[in-house]
Amino acid sequence: MKLELDILNIKDVQFAEKTTISDVVLYINRQELQELLEKDKRFSKVDIELVHPGESCRLVQVFDVTEPRAKMGGTGENFPGILGRLKTAGEGRTRVLRGAAVVTIDYNSGASGLVIDISGPGADIGIYGKLQNIILLCRPVDGIARPDYQNALRIAGLKAAVYLAEAAKDLRADEIEVYNIGPLAEAGNGMEHLPRVAYVYQIHALQLSAEQPPNEPIFYGDNVAKLLPTIVHPNEVLDGAITRGYFCQGQETYSIQNHPIVRELYNRHGKELCFVGVVITVAQSTEPERERSAAMAAKLVKSVLGADGAILTKIGGGAPHIDLAQTCELCEELGVKTAVIVADQSTDGTSDGALIFNTPQADAIVNVGGFCRTFTLPPVERVVGGPLILDGNRPAEGEVKLMANRLGGPVSQIGALKVTEREF
Amino acid sequence: MGRGLRIVHYLNQFFGGIGGEDKAMLGPEIKDGAVGPGIAVQNTLKDRGEIVATVICGDNYIAERIDEATQEVIQLLTPYQPDVVITGPAFNAGRYGVACGAVCQAVQEKLGIPAVTGMYEENPGVDLYRRHLYIVKTADSARGMTEAVSKMVNLACKLATDQEIGKPDEEGYIPRGILKEEFSDRTAAQRVVDMLLAKLQGKPFETELHLPEFSRIRPPAALKTLSSSKIALATDGGLVPKGNPDKIEMSAATKYGRYTIKGADRLDPKDYEVVHVGYDSSLVSRDPHRLVPLDVMRDLEKEAVIGKVCESFYSTTGVATTLENSRKIGQGMAEQLKSEGVDGVILTST
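So the protein lines, in turn, are chains A and B. Going letter by letter, the first sequence gives residues 1 to 424 in the working numbering. Going letter by letter, the second sequence gives residues 1 to 350 in the working numbering.
Derived by calculation from the structure, the hints in this document are not laboratory data. It cannot be assumed that every hint is accurate.
Within a straight-line C-alpha distance of at most 30 Å, the following computed DSBU-like cross-link-like pairs (lysine-lysine) qualify [stated by the list, open to error]: (1) B:Lys203 x A:Lys271; (2) A:Lys401 x B:Lys167; (3) A:Lys418 x B:Lys199.
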């Protein structure tokens, strides 16, 4: 499977007569984009705002962040199964506007919406403060059911991402990234001397929606409520097969499109290791489901992909630690060496509470920082999105104290950032 | 020119030069100046400070009455008005390590001055006290005296003069379980791939989090006769009476509630709610029995399979709860259950 990312670097974004790209500037016809999104009758009104890196600005009630991308030259569907018709993602050419991000605001998210600061301590650690942000302010029609509005927001974010990237379809790419691994069964040909490495990717957690999972498009449009561990080609992850669940801490669609572990394994493929594939899993909510999922994931890693080693990551909050640990334990029992990424879960900043498991096999752990550490965010000049109120009814432009799990950016459970912790 | 620091040193009977195991029952005594390893401490201190007194106490004496004996030690050393207290190093001596830790903790809490000790990392005193103290990592025997004393003295001086304490590996102390943010030169994705490759190649690697160590609790023997036993229901799934009368937190709980079910045959969903942010509780809200199975318990009671259902159920919220609060909640529940004459408990989690 060969995927070519045609990358155009974007260093500024402005409103203009015509949506186009010229000299690293993305120009957007505001009205045209508004009208495109307003075609969805689930919105009463759509507005677009632009926010530039380093601005004293706070994005409130963020739903998701998406990188503008579009398939080129009829080589595939955009976000198949969600936006486009179903076709396997990961093949052909995809235009990427690197440096830009589409941010959707969810007016009905209450306390579950993310906060993204564009400057200051909230922005320094993460990536979104460094991007040219195009904010979609899509207001729901009165009385709309929650899942309908959420679905509309997901579609709007992806639609805008495609619209913007298509504006660049006739331009020459600044750089081209090629992701090319053949059929996974043959991935090791000529690399017999290298360790075979698989990635076990927990894409969603059912911990808060087990009883009535919303019909949220996560994997080719499927809500993954019934998903058993499945092998995917690494390119599918990078090319729109997976989007963020509605409630999914520490992972936005933007970071899935630029999946740090998939990219890192690709970088070393054929040099230090042989990347044999990705097993996607879901964190379950009951023990029998968890055991089944862990057993199947470990089996796929060992007996189908034939991996010597596996990297495991988790999503969501504390409970998915258990799914990760059980899978890790079973992999090690089958002789597959593992290394895992977790976010420290302690609420008192001590190592005692950092992990919810004590599986002895989990002896190689990368810590991406405390999920419950508190950020004090200074006052800002501008607030975009949401009612201007945060937790505790504080005005959003004032100083706010928020835990990392409420912020978009500072915690990447799939390893995008350099932040970690040391025990003192 | 300020005066040097006043330091009191604590030793066991062996390092204090009084005797071996035969003198382990000796109670605490205090001597002016430095004794035994205290000479090395004094030599390292030079003019930064002075050991004004040394407390010596038998290992068994203090181990058998740790609270009273540390109080006696505190009383002995207080008149010397120390700025900082140094205990040991205890190396791998278990009772001595525990004594050194207990004295340091008491000094910090009762006198409000810093204290430093040193131990081998497997000394049982480490697990007991490392969260509360700076414990310098030492060799397992007195062969490591010089190195241990040098690090202990440095830390003691820094603590006594309010200087910033560096990282554990720089200062030589055992990590205290406090996590602080730091930046790596590589992303987490790069680090996890590096770590896996090292592990696959059998090369050394350093995990960024250590597994928590939970104390082992031996399960009690099974109940012999269920039909005469009183059984209680307890849960960490957050079921509480409507209005959450005890204001149990939805996350990171610090307390639990005890709610009467005396005479109730069933739990009416109208009367209960769930406070818990860690799982989908909609099913429990519709039917509380799926968390607190009173329905089944009443049936078993009628069928005389069990003797009696306890008149109250116990509930807390088990999500992001600190280990310390979990212990407190568990101990509180256990004591109260015991006083209610409960023979067995069914714990339901989520």
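Exercise for the section: Verify the proposed pairing of lysine 203 of chain B with lysine 271 of chain A, using a straight-line Cα cut of 30 Å. Expected result: holds, 18 Å
Practice task
Would you check the hint for lysine 401 of chain A and lysine 167 of chain B, treating anything up to 30 Å between C-alpha atoms as holding?
Solution key: holds, 27 Å
Handout entry: Given pair status - lysine 199 of chain B, lysine 418 of chain A, alpha carbons within 30 Å
Key = holds, 21 Å
Checked against the numbered hints above, the structure violates none of them.
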